[in-house]
Every structure is written in structure tokens, then in C-alpha cells.
Amino acid sequence: MPYPKSIEGLSRMEDFVELKFTRRTVLKLGAASATTLLSGSADAQPVQGERNNSAVRPPVKVKVSIQVNGELQHLEVDTRTTLLDLLREHLQFTGTKKGCDHGQCGACTVIVNGRRINSCLTLAVMQQGASVMTIEGLGTPANLHPMQAAFVKHDGFQCGYCTPGQICSAVAVLDEIRQGIPSHVTGDLTARPQVTSAEVRERMSGNICRCGAYSNIAVAIAEVAGTRT
Amino acid sequence: MNAFSFERATSPSQAAAAALRVAGSKFIAGGTNLLDLMKLNVESPTHLIDVNGLDLDTIETLPDGGLRIGALVRNTDLAADPRVRQHYGVLSRALVAGASGQLRNMATTAGNLLQRTRCPYFYDTNQACNKRAPGTGCSAIGGVSRQHAVIGVSDACIATHPSDMAVAMRVLDASVTTVRPDATSRVIPIADFHRLPGSTPDVETVLERGELITSVTLPKPVGGTQIYRKVRDRASYAFALVSVAAIVQPDGSTRVAMGGVAHKPWRVEAAESMLPSGTKPFSERVFAGAQTTEQNAFKLALAERTLSAVLQQAKEQA
Numbered sequence: 001m002p003y004p005k006s007i008e009g010l011s012r013m014e015d016f017v018e019l020k021f022t023r024r025t026v027l028k029l030g031a032a033s034a035t036t037l038l039s040g041s042a043d044a045q046p047v048q049g050e051r052n053n054s055a056v057r058p059p060v061k062v063k064v065s066i067q068v069n070g071e072l073q074h075l076e077v078d079t080r081t082t083l084l085d086l087l088r089e090h091l092q093f094t095g096t097k098k099g100c101d102h103g104q105c106g107a108c109t110v111i112v113n114g115r116r117i118n119s120c121l122t123l124a125v126m127q128q129g130a131s132v133m134t135i136e137g138l139g140t141p142a143n144l145h146p147m148q149a150a151f152v153k154h155d156g157f158q159c160g161y162c163t164p165g166q167i168c169s170a171v172a173v174l175d176e177i178r179q180g181i182p183s184h185v186t187g188d189l190t191a192r193p194q195v196t197s198a199e200v201r202e203r204m205s206g207n208i209c210r211c212g213a214y215s216n217i218a219v220a221i222a223e224v225a226g227t228r229t
Numbered sequence: 230m231n232a233f234s235f236e237r238a239t240s241p242s243q244a245a246a247a248a249l250r251v252a253g254s255k256f257i258a259g260g261t262n263l264l265d266l267m268k269l270n271v272e273s274p275t276h277l278i279d280v281n282g283l284d285l286d287t288i289e290t291l292p293d294g295g296l297r298i299g300a301l302v303r304n305t306d307l308a309a310d311p312r313v314r315q316h317y318g319v320l321s322r323a324l325v326a327g328a329s330g331q332l333r334n335m336a337t338t339a340g341n342l343l344q345r346t347r348c349p350y351f352y353d354t355n356q357a358c359n360k361r362a363p364g365t366g367c368s369a370i371g372g373v374s375r376q377h378a379v380i381g382v383s384d385a386c387i388a389t390h391p392s393d394m395a396v397a398m399r400v401l402d403a404s405v406t407t408v409r410p411d412a413t414s415r416v417i418p419i420a421d422f423h424r425l426p427g428s429t430p431d432v433e434t435v436l437e438r439g440e441l442i443t444s445v446t447l448p449k450p451v452g453g454t455q456i457y458r459k460v461r462d463r464a465s466y467a468f469a470l471v472s473v474a475a476i477v478q479p480d481g482s483t484r485v486a487m488g489g490v491a492h493k494p495w496r497v498e499a500a501e502s503m504l505p506s507g508t509k510p511f512s513e514r515v516f517a518g519a520q521t522t523e524q525n526a527f528k529l530a531l532a533e534r535t536l537s538a539v540l541q542q543a544k545e546q547a
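Residue numbers (this note's numbering), protein chains in the order written: chain A, 1 to 229; chain B, 230 to 547.
All clues given are correct.
30 Å max Cα-Cα, derived DSSO-like pairs, lysine-lysine:
1) Lys98/A x Lys153/A
2) Lys255/B x Lys98/A
3) Lys255/B x Lys63/A
4) Lys449/B x Lys544/B
5) Lys255/B x Lys61/A
6) Lys255/B x Lys268/B
7) Lys63/A x Lys268/B
8) Lys544/B x Lys509/B
9) Lys268/B x Lys98/A
10) Lys61/A x Lys268/B
11) Lys98/A x Lys63/A
12) Lys98/A x Lys61/A
Selected chain A positions facing chain B (Cβ under 7 Å, derived; list incomplete):
13) Pro59
14) Val60
15) Ile117
16) Asn118
17) Leu121
18) Met126
19) Ile181
20) Pro182
21) Ser183
22) His184
23) Arg203
Just so you know, these hints were derived from the structure itself, not from any lab.
Ideal placement from N, C-alpha and C gives every residue a C-beta, glycine not left out.
Based on the provided sequences and hints, a complete structural model is requested.
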């Protein structure tokens, strides 16, 4: 974040805080960059799309019971809490990562009721009764899941931020192929898909690796698939 | 994200009645698009009705051989269903061409039809957008418009419908069954389900307030060689620049619907009889009245070329 260019900006901030702001506006401005705040140029108008909904509504809490890595958890959460935030902020399963928070990067991938999903795009309260498997439930440092071991062996990461999502996704991908679920590159729709490099690469396209460790990830997955098929 | 209250629906008609009764309500099923938009304050419901517990997640074979697809059937399950793979290949292909594996595991049949445009100006609350904030104008017109619609557009909106599945549903003549708040049901042909933008691009379907999709019905299998071809900026996990869904019969009769070109799946049945004369007269008819921008004019040529490739592929597969 750029450092404020002059002390003049700081003095103007005092004028700024004299203004009457609603809680909503303050929260919104809190999300703006400090540079914008200090220069006093922030636009306090509500953004479009919120104009019909200007009243501040109090948070709503709902009870939810979810099984995470084999353990049943009973919580009461703000309805806005995503499954991802529930895992990280309420249950401290911080292995699952928040990347884009919009279902585009796959860093938040977890396995729910046997299926991989983006945990950032589902609400905790929608997962009442669900069984969630995170990277922590897949294996431990002393007892790695074969996919974790293969990622280590083949150097399937650099910074490691996308890795928990990659591994959860990879485990589920091999299950999907075993279940016969077709993909975009499946040649014959009526035949069972095979564990090929093309199938694995296509199915992993929802997991982005900013470091570009894709080729090593593909090798790690192929090794696990080979040992199992 | 603004705070909202939450309820779990107990029946389709109860959900519809609740949505009519509580102002600011939205149904939520997969959530893959609605939550995305709520995080950006593009959507700001004050009450969510979770329909996931409703018994709408099965695919039934109908007496006439057609399929009734429950509204909550996930995209993965619909694509993988043996009946769909065998008899409605274009639908299976369209589904697996869309989104990512994770998203297809969450996204539902009804939600796929109801997803909003990915126009970047719709997503950016600092921009004018008649779809998000009626009356504010359209930043896409005169803006970055490479992804945008070329046919059926209006002065108010040039957004596309982003769904692949809906394009296949259109070529298959699917119909949408709903329940309304008064518990009555109706059937809407897919051709009539989505609207063109006109002067009200914020109104995207013919659904009434509170009306809930309960199923999508496919007519009995029509056979033929079924192809879905999607052209996009990368090989996977991207929206279509242009897509073509086609069903080619042994006698040469052909159905064609296109995605990525309009505010709804684009099909002009009257042009389909012109296909034996070649793709050029067909395309001229399908895109009669097209209004392109400098940046998206390429879509007209791309659509015709993609169709040519699809017809060639159909010949080879037949």
C-alpha cells in the first residue's frame, strides 16, 4: 500500500472524521485504501445496487450442526458466514485457504458429503447436517494421505497457498473418474472415462496455481492414480 | 454483505408463498452465483429461502420417454446421468463445458437457467448498469464489449446470458415447470423463458414474483448426432465467446442454438431449413438485424465458422 505523500493529508483526515457517517458508510470506507481516506477524496455515496436497501440491518444468527473431519460441531453463526469462514475463523481449520473468495481460484476447495466444492460459495447455514473433509482431515504430518505424499515427492507446489485446495480437488477428481462422471475431454460419453493426463488436467482447471506448479501437480496426481488403478 | 434472515423451505409452494410475502426475498440453492453477487453488493437480499431440502433432486423417465429433471439436480449429476449421456448428449456436453468441477457439484438445474450475466459492468457497482440499477445507463455500450451480445440487444443493455446448459435446453425444446405462490403450477417453453433486454434488462425471465422452478422437462429423445462446441479464450473454465448446440439428423435436418451471442440462448427455427444451402444464408438469417460493436463484430464470423466446424464434425460422426 502506498505511503501517504504528505502530512497535509493527515490533517485533512480530522475534517473527515467530523462528518456524519452511517455505520454502513464507515464500514464501506474501511474497505477503501488508506491513501484514499487520507487524501479526503473518498466518495461517501452508497454504491449502486444498494440504493433500495439503505437501512442497516442487524446481523441474524442461526444455529447449525456440521461434521468436520469426523467431529460433529454445533455452532451459532451469522447467516452471512460462508463455510470457508466457518472452517477458518470459527473452527480454526486454517488449512483451507481463502484466495479469490468468488469461486474462481479453487484455494478453498473442500470435500462435502464426498464431493469437492468451493467452500467460499456456500453458506454455513446451508450445510446443516453435512459432512465436511478438509486438508486436516485428509492426512496428518505423521500419516500423510497418498496425495499429500505425492505432492511432496514431486514438488507439486512452490508457495503452497493453493496446495490444500489442489490436494482436496485431486482426491475428489480421482473419485469422480472412478464413478464414471464425464468431463469436457471425455471422448465417448457412453463409455467410462479413463484416468488420462488430459482428463486430470481438464478436471483440475478449477484450481489455479499462481506459481505455475501445474506440471508437477499433474505428475503427483498421475502417480496416485497409477497406484490405485 | 448485508445482513439477511434465513429460512429452510418445507415445500415448493410454501417457499413460493414465503418469497411473495417477504419483501427482498431470494431463493438459494447452489448459491454459486447469488453468493458471488451478494459479496459484491450487486445482489442484496434481506431474506434467503434455502430450497436445498426440497425433494426436487431426482431425474424421472416420463411415460413418453422424456425426462423430468428436478430443479435441484446438480449439474454434475445431470451431465453424468446415463439417460442424458445416451439420448441427450448435447446437454451432457454443454454441462461439462461450463464452470469447474467444484462449481458443477454445487450448481443446480434451475439455478443454471437463472444465473446472471458476467458483464463486468454489471459486476462493478461503480459503473452504470441498467440491469443492476435501472435507469443509470449502460457502461458496456462504448466500453470494453468484446464478450457482449451481437443480436437482440437494446440501447439499454448488450449483456449475454452466460449459460451453456440453457443453450442445449433450447435446442432440445425443454420446458420449465414452476409453482406459484398460490400453489398453482405452469409450464413455460424454454424459448419463452428468458427475455430480451429491451428497456427493462433487469427483468430477465418471465417468472413472476415468488414463482419457483420445480423441474425442467425434456421431450422424448430425438436421436441424431448431438454436438456442443464452445469457443472461449482458454481451453477450460471460461465463458463462451460463441457456442453452438446442434442436433443433426440422418436426413440432414438440423437444429441449431447458439450461446454467447445474445441475452438468451439464440435459436431461429425458421432459418434451420436453409442449412442445406450452406451456413452463410443460415447465418445471415439467424443474425439478421445484428448490432455489433467494433470489439465484438468478430462474433458473427466466429459463429458461422463454429457452425461449419460442428456440421463437419457431425458428418464425420454420423
